[in-house]
Amino acid sequence: MTLQEDVIVYPGHGAGSACGKNMSNETTDTLGHQLKNNYALRANMSKEEFVNEVLTGLMPPPAYFPKNAAMNKMDSQSFKEVIERGSRPLDVATFKFVAEESDVLILDTRDPDEFVKGFIPGSINIGLNGNFAPWAGALIPDLKQEILLVTEPGREEEVITRLSRVGFDYTIGYLDGGFSAYLKSGELVDSIESIDAIELRKRIDKDNHLALLDVRRKSEYDAQHILNTEVAPLDYINESMSKIHRAQDTYVYCAGGYRSVIFISILKARGFDKLINVNGGFNALKNSGLFNVSAYHEPTTLL
Amino acid sequence: MKIEQIYTGCLAQGAYYIESNGEAAIVDPLREFKPYMDRLHKGNAKLKYVLETHFHADFVSGHLDLARQTGAQIVYGPSAKAEFNFHEAMDNEMLPLGNVFIKVLHTPGHTMESSCFLVIDEHGKEHALFSGDTLFIGDVGRPDLAQKEKLHKKYWRVIYTIHCEIK
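Order-wise, the sequence lines are chains P and Y.
Heads up, the first sequence is in the numbering used here, so the first residue is 28 and it goes up one at a time.
Heads up, the second sequence is in the numbering used here, so the first residue is 16 and it goes up one at a time.
Heads up, some of the hints might be wrong.
Within a straight-line C-alpha distance of at most 35 Å, the following computed DSBU-like cross-link-like pairs (lysine-lysine) qualify [unchecked claim]:
| # | chain 1 | residue 1 | chain 2 | residue 2 |
| --- | --- | --- | --- | --- |
| 1 | P | K63 | Y | K118 |
| 2 | P | K270 | P | K144 |
| 3 | Y | K17 | Y | K49 |
| 4 | Y | K96 | P | K100 |
| 5 | P | K74 | Y | K140 |
| 6 | P | K94 | Y | K96 |
| 7 | Y | K140 | P | K63 |
| 8 | P | K74 | Y | K57 |
| 9 | P | K301 | P | K245 |
| 10 | Y | K140 | Y | K118 |
| 11 | Y | K140 | P | K107 |
Hints in this document: simulated from the structure, not taken from any laboratory.
Owing to the predicted nature of the structure, the values given are computational and were not obtained by experimental measurement.
So that you can see chain P by itself, here it is in the shape it has in the complex (with noise of 0.2 Å):
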């Protein structure tokens, strides 16, 4: 078998993916071109050294992994079933009572911007608007899982079939009319506090002891950060979450403000109740040059 230098590669994913560490943007090319530009093709490269760096800087895999690999392997049932359970709507006092009666989870999926501003209480915020199945398949725990769902009205279908493309089949129906038919209702709403880098900048004057925590991946807290602040990454939120000290006010931040408010929400779902969500996150605080950032290193993985 020979391969022609001019054959076009057409990969399993692009950037973004967990399943590589160092993925391109682009999503096809030559093998004559990777054979020239992928480190794992290069030229005179030892096994030892394609199997070291091949390893390095692995992180472990989102949790659903291997469950995903599971069903892969047997005999799913139809996407059909999964779309008509869960495309049911349910008024505010039917979808309030289910809620309560079982062991339920209450995922909103509208934008991070729009959820802190007023949401139902216990719910948790994963933006349909970001990397929204791989979250969902990282941070919620079982696939048999029971959901709730409030969208934006008319994106029902879709959140249902992004949540079963990474197995989770059990949406059992979803608020009609979305958060505003709950506001309107007059039932009990809660809310997350949002600043933004000029105000966090004035509180920090006032107090240079306050709690910043740094949700990004590892790899991106490395490559620049906020100084004197920790990392603890949404990706890992079990183990994040005992970073927090539950009696002092954390102010919560990752890249742009998708991540931290998912991480807020669960944790509040938890009964985190001091947890302050930094607007547009990193980005911002860096770019209103009030803060110190430490020197910025070229990531060596993306994970």
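Go by the hints and put chain Y onto chain P.
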């Protein structure tokens, strides 16, 4: 012959549609099968194979629904074991599709059954390699997921072979 990449940003995942002379194959489909059914309908093509480069860990694949809907054959590479019926291809097996062939290349490394699918066009020329999670653009698939001892050493052999075989 037509080849189309169906890319899903949320999962950074590439599925593929291959069509030749009224017959089609889909590589690594996601769970929802309707977009693929729509594509088949648009091309007025009959789905012959659902080609799986390996047992995916990061998403649930739609191979079963697609096969049930169309009667297509599910294909995995050598050493794959599953609860459902599928064709376990041999290394170097040639799968005919319309006027082209799809050659199965067993490439253990990311997982044991991982395989690439090489499309050989109407003129007998190697045209495209569906490399699954064996070869990415700029990277190779992580070998630590399958938890098989020494898999990464076998992987080196595969990657080395790919390296040596590119002219």
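Do the hints match the structure? See the list:
1. P:K63 x Y:K118: holds, 25 Å
2. P:K270 x P:K144: Holds - the C-alpha atoms of K144 of chain P and K270 of chain P are around 26 Å apart, at most 35 Å.
3. Y:K17 x Y:K49: Holds: K17 of chain Y and K49 of chain Y sit about 19 Å apart, inside 35 Å.
4. Y:K96 x P:K100: holds, 7 Å
5. P:K74 x Y:K140: holds, 31 Å
6. P:K94 x Y:K96: Status holds; Cα separation ~16 Å.
7. Y:K140 x P:K63: holds, 22 Å
8. P:K74 x Y:K57: violated, 47 Å
9. P:K301 x P:K245: Measuring from Cα to Cα gives roughly 24 Å; hence the hint holds.
10. Y:K140 x Y:K118: holds, 12 Å
11. Y:K140 x P:K107: Status violated; Cα separation ~40 Å.
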